[in-house]
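S.K.: Now for the letters of each chain:
Protein chains: 2
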Amino acid sequence: MREVAIIGVGHTKFGRLNDKSLLDLLCEASLEAIEDSNTSNTDFDSVYVASMLAETLNHMTGVASALVDRIGLLPAAADHIKNGPASGGSAIKNAFYAIASGACELVLVSGAEKMTHITLPGGVTSAVATMTHHNAERIHGASLPSFAGLLTRSYMEKYNVPKEWITSIAVKNHRNGLNNPYAHFQKEITLKKAMESPIIADPLQLYDICPISDGAAAIVMCDANIAKKYCDSPILITGVGQATDTHIIYEREDLTVLNALRICSKQAYDMAKKTPNDIDVFEAHDAFTILEAIQSEDIGFFKKGEGAKAAHEGLTEIGGKIPINPSGGLKARGHPLGATGVAQVIELVWQLRGEAGKRQVADADTGITCNFGGFGNNIVSILVERM
Amino acid sequence: MREVAIIGVGHTKFGRLNDKSLLDLLCEASLEAIEDSNTSNTDFDSVYVASMLAETLNHMTGVASALVDRIGLLPAAADHIKNGPASGGSAIKNAFYAIASGACELVLVSGAEKMTHITLPGGVTSAVATMTHHNAERIHGASLPSFAGLLTRSYMEKYNVPKEWITSIAVKNHRNGLNNPYAHFQKEITLKKAMESPIIADPLQLYDICPISDGAAAIVMCDANIAKKYCDSPILITGVGQATDTHIIYEREDLTVLNALRICSKQAYDMAKKTPNDIDVFEAHDAFTILEAIQSEDIGFFKKGEGAKAAHEGLTEIGGKIPINPSGGLKARGHPLGATGVAQVIELVWQLRGEAGKRQVADADTGITCNFGGFGNNIVSILVERM
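Protein chains in written order, with the numbering used here: chain S, 1 to 387; chain R, 1 to 387.
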């Protein structure tokens, strides 16, 4: 299998971006990644676009074809990859295979979502809920926040965890986001304020939930053998994993265990010949605070039931045992669905290049992501290292 | 690059299938392909689902996650690949990369669409039109039949071709479909009847256009080194190509030339070390009759402007110089969008195995497809051979 490197990254501001279309955002991030990779005069073999809801929210079913033309990459192949909020991770995985197989040398991955223009009450939440089980869940009104509420309660009771420990994750991520110029929110919050915020799905409160964001993130990937031609500090993708779990939530033996993450992170660790002890920084998928706590356990950093406690004790701060979401995570960076998995990898690239500014994790050599699709039923992990 | 084989196929009836959901269709074709490949007791690494409009027409954004659970393939990775009506070809290409890279051994590709339940006037046509250019075409009411009408007129005038030659393609494909038990239509039509059918987009008539169909098609692919463990007659995928052309139709220098097909078929021929002379059977993407004529030129079988004449003269019949669409093509087999690219490859598998019954092409060793996304702006070609 050929080695694969990341040689360029592009990241729009995440947030409410009223004057930009989905395609504008994809173009902006893509062109920035191409410029960052010094490949402007090079032919690309393939383009992968990640977007969860382009069809419903933006009336586009040819979004990859549109991008490749508009940024001048014709006649490169162009596919649109969908895996709910893990579309970005899936797109990177497929780009990795394209290069690793030897079929492609130079590939662009661009993820985006344009969501904030949807103003119908419940509009975006309903659209997102189309990834739940159609007959067992969606048609009865199940939504992602309702599942996250159930999971939060289940975790609190099973492991005797006070809500404050879980919500402290939001406080940390807002503090990290303060130093991320691309973040949706650059605003500190206090635990008191978060604990007094309105209940959305008991015991889940407003500040436990990521915002609805617009934004795009793109990376340029290539055959690692040619990476240094373009870039002084290529970052290698050395581990890739993806696994699924029951589509219907109630069929899981234990709601608080993310089986798919256990399996896909093991795949990534094994491919890279690493263990959790080798990881310097972790980008988690904290669409809800509880998810970061549980992911930090099932990806191997803390024992079951101790993730929220670890966050509360500061072990996941920048400078802690295992820094989680120095970017601000989904909570503060924002969550334009298709962009998130790509943005997670970009944060790791910045950390590994030593370009993360005030949120830099010291001596970061190795990082991993958890990109969470469905409600834990389809998870992707990407492991990256300095070359 | 590791060699990749097809070891099993599954194909539902195409047509108006009122009592089956999108997921039912995906499951039916997938389970049949798994049974055909003797892999029922084997762990799959990955599943690729191809569907163009699952989000709009079926309210499903987690269709790959849903399939992998329902047919018992957890925890296999599962992605949804979209490239308009070429989603099937793109899914096969990405599955090919997954295996060729060495990352996966056993992969299922399942393509489907469930469309006939949409009864709003223009409902499906409008949904399909979301793959045209959003600002330059779609919002002004451009639709795929309108483009096909323009192309038909342009081709007739440029090459001095009578409409009958083009429409004779529909007559041939209906005749071939008569012997395909999975076809939407098993009904002969006369050229006279077709030429008297209503005009839809002048000069395009009703019988020049494929139907709106429900259906699914699935294949099991594996590392060719282990193919004979499962199957006596594996079929190799030896060539894969994909290329894009201008998203806006009017920006093309010559509407009658499919640049993307020229490029992607050359990629497939080169990878397989073949030329058009080596091909025994071609599955074309005749969503409109004119497309089969033009594709038969740009993929290398006839000179420019002579595709329709060749069809009219019988050169593309079973037993002719190059049999095209022995399956009945999109015109008679039907066109459940995401299923089509997979169904094309399945027809080639049946032909190469010698299992095509009354529509068998004699001594078929090598076949190629054209799976046409957008209006020619994103085309995939798959080349297959007997092992």
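Keep in mind that the hints are not guaranteed to be accurate.
Listed next, the in silico DSSO-like pairs over lysine-lysine satisfying Cα-Cα at most 30 Å (straight line) [stated by the list, open to error]:
#1 S/LYS13 x S/LYS304
#2 S/LYS229 x R/LYS266
#3 R/LYS229 x S/LYS266
#4 S/LYS20 x S/LYS163
Which stretches of chain S does chain R cover? Using the computed rule of at least three CB atoms under 8 Å from a CB of chain R, they are [claimed, not checked]:
#5 93 to 102
#6 106 to 118
#7 129 to 141
#8 176 to 187
#9 199 to 212
#10 258 to 270
#11 276 to 282
Incomplete in silico selection of chain S near chain R, CB under 7 Å [as the list claims (entries may be wrong)]:
#12 MET1
#13 THR125
#14 SER126
#15 THR190
#16 LEU191
#17 GLN360
#18 ALA362
Treat the hints as calculated values from the structure; they're not laboratory data. These numbers were taken from a predicted model, which means no experiment stands behind them. Just so you know, even glycine gets a beta-carbon here, dropped at the ideal spot from N, CA and C.
S.K.: Against this structure, judge whether each hint is valid.
M.R.: Hint-by-hint comparison with the structure:
1. S/LYS13 x S/LYS304: violated (35 Å)
2. S/LYS229 x R/LYS266: It holds: about 28 Å lies between the C-alpha atoms, which stays within 30 Å.
3. R/LYS229 x S/LYS266: Holds, because 28 Å separates the two Cα atoms, which is no more than 30 Å.
4. S/LYS20 x S/LYS163: With a Cα-Cα distance of about 38 Å, the restraint between S/LYS20 and S/LYS163 is violated, given a limit of 30 Å.
5. 93 to 102: Since three or more residues must qualify, the claim that chain R covers the segment 93 to 102 of chain S holds, with 8 doing so at under 8 Å.
6. 106 to 118: violated (count 0)
7. 129 to 141: Answer holds; 6 residues pass the 8 Å Cβ test.
8. 176 to 187: violated (count 0)
9. 199 to 212: n = 0 at 8 Å, threshold three: violated.
10. 258 to 270: That given contact holds, which follows from 4 residues of the segment 258 to 270 of chain S lying within Cβ reach (below 8 Å) of chain R.
11. 276 to 282: Not satisfied, violated; 0 residues make the cut.
12. MET1: holds (5 Å)
13. THR125: violated (13 Å)
14. SER126: Violated - the Cβ of S/SER126 stays beyond 7 Å from chain R, reaching only about 10 Å at its closest.
15. THR190: violated (36 Å)
16. LEU191: violated (34 Å)
17. GLN360: violated (32 Å)
18. ALA362: Where the cut-off is 7 Å and the nearest Cβ of chain R is about 33 Å from S/ALA362, the hint is violated.
In summary, the numbered hints that this structure violates are 1, 4, 6, 8, 9, 11, 13, 14, 15, 16, 17 and 18.
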